[in-house]
Amino acid sequence: MEKKLLKTYCVLTILFALFINAQNITVVDTNSKPLANVLVFDKDGNLLSKTDIEGNFDKKSIEPLQSSYIFKQENANEDAINSKEFTNDTIVLNNRVVQIPEVIISTISNPNYVVIRGYFNNYITLNNKLNCYVDGIVEYTFDYKTKEYINSNIIEYRTFVLKEKSNEGKEVSTFSFDTMVRIPELEKITQLDKLKDKKDVVFKTYIDVENDKTNVQYTSLRLQDKVVKLFGYLFTEGSSVSMFSFSKTKNYDLIRNLDYFNHTYQINLKHKTEENYNAFKGYSNFYPEKVYYLKDKKKNDKIKLNRNKSSYSDNYWKNSVLESTYNTFSNFFKTDLVEQPNSFKSK
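Numbering (our numbering) for the sequence shown: 11 to 357.
The set of hints was computed from the structure by calculation and includes no laboratory data. A few of these clues could be false.
[Said to hold, decoys possible] Okay, the calculated beta carbon distance ranges per label pair:
(1) N325 - S162: 20 to 26 Å
(2) D263 - L205: 14 to 20 Å
(3) N138 - T215: 49 to 55 Å
(4) I217 - F241: 32 to 38 Å
The structure presented is a predicted model; accordingly, all values stated were derived computationally and were not measured. Ideal Cβ placement from N, Cα and C applies to all residues, glycine included.
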């Protein structure tokens with residue numbers, strides 16, 4: 011009897027594993043290495059999914075199957091893939107990654123603070139369609155000894171909204187969520203060690219020994235099979251995924267060796283008068299440019315993101331990873347994606 015039960019258990023385990031694998035499509039490069047953080051668009055510019063640190067994305071997110079899709083890595087050119095090219099649920103993308111300059115490290119003796127400066131973008135989709143977009147330059151300050159997060163300082167930014175969106179009425183499907191754009195929450199980097207043992211967090215690590223890189227990802231689920239009601243609105247099925255990429259596989263410094271950070275958060279919501287839920291998703295990315303150290307804490311300029319304006323003194327997005335990402339959205343939405351007026355004033 012025990013042998014029979016064991017045999018049944020093994021068969022069920024194998025079937026379950028096959029079922030789980032069948033739900034994913036894996037994106038790899040020409041060397042068969044998984045590609046993380048690849049965005050998956052349909053031909054109309056709807057952002058359907060994004061790959062995790064193992065290069066996987068949910069197969070259901072692209073159903074019903076269309077003739078072709080656009081695959082885009084944040085720091086790479088786009089690939090148009092015919093759905094007929096999907097082989098064994100694996101997609102191979104050409105190695106056409108745009109090279110990102112190495113992070114500049116500037117040191118001093120006996121520092122008290124470490125500052126990491128870089129490019130960021132944050133874009134929100136509603137029912138897979140772009141709702142608003144922001145990018146810019148930001149600095150984060152940490153305590154040198156304790157690694158405790160101190161503050162963030164926005165240097166400059168641009169804000170874009172779609173023409174037809176508004177916040178009039180109660181239909182969530184017509185809302186502009188430009189008030190929800192934000193800088194990446196890089197302070198999450200200080201929580202990595204604490205999160206490994208949390209029961210409600212799924213923690214994954216992918217190590218690329220050949221290229222001496224480590225990707226770390228943690229997923230947190232909220233409101234699964236639950237509904238929260240607030241001011242006539244209903245919220246359910248919330249989740250967030252944070253991904254960190256480091257340039258070493260052993261003994262890496264969380265600040266000095268950070269290659270990029272991205273955070274994806276989503277929730278389904280609707281007004282009580284609406285029949286169907288709307289899928290709200292936010293994508294937030296940070297790409298380090300420079301790390302430097304200070305004796306004294308840098309003054310916070312207190313520049314805040316404003317949905318009604320931009321604030322920049324030069325074309326910081328040119329020749330950076332930001333230009334590639336913005337161009338993808340701009341090509342889809344053209345003149346419907348409107349930049350807010352630049353309000354920069356020199357000091």
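Here's how the hints hold up against the structure:
Evaluation of the 20 to 26 Å hint for N325 and S162 yields a pass: the beta carbon distance comes to about 23 Å. Between D263 and L205 the Cβ separation comes to about 18 Å, which falls inside the hinted range of 14 to 20 Å. The supplied range of 49 to 55 Å is broken by N138 and T215, whose beta-carbon atoms lie about 29 Å from each other. At roughly 46 Å, the beta-carbon separation of I217 and F241 lies outside the given 32 to 38 Å, and the hint is violated.
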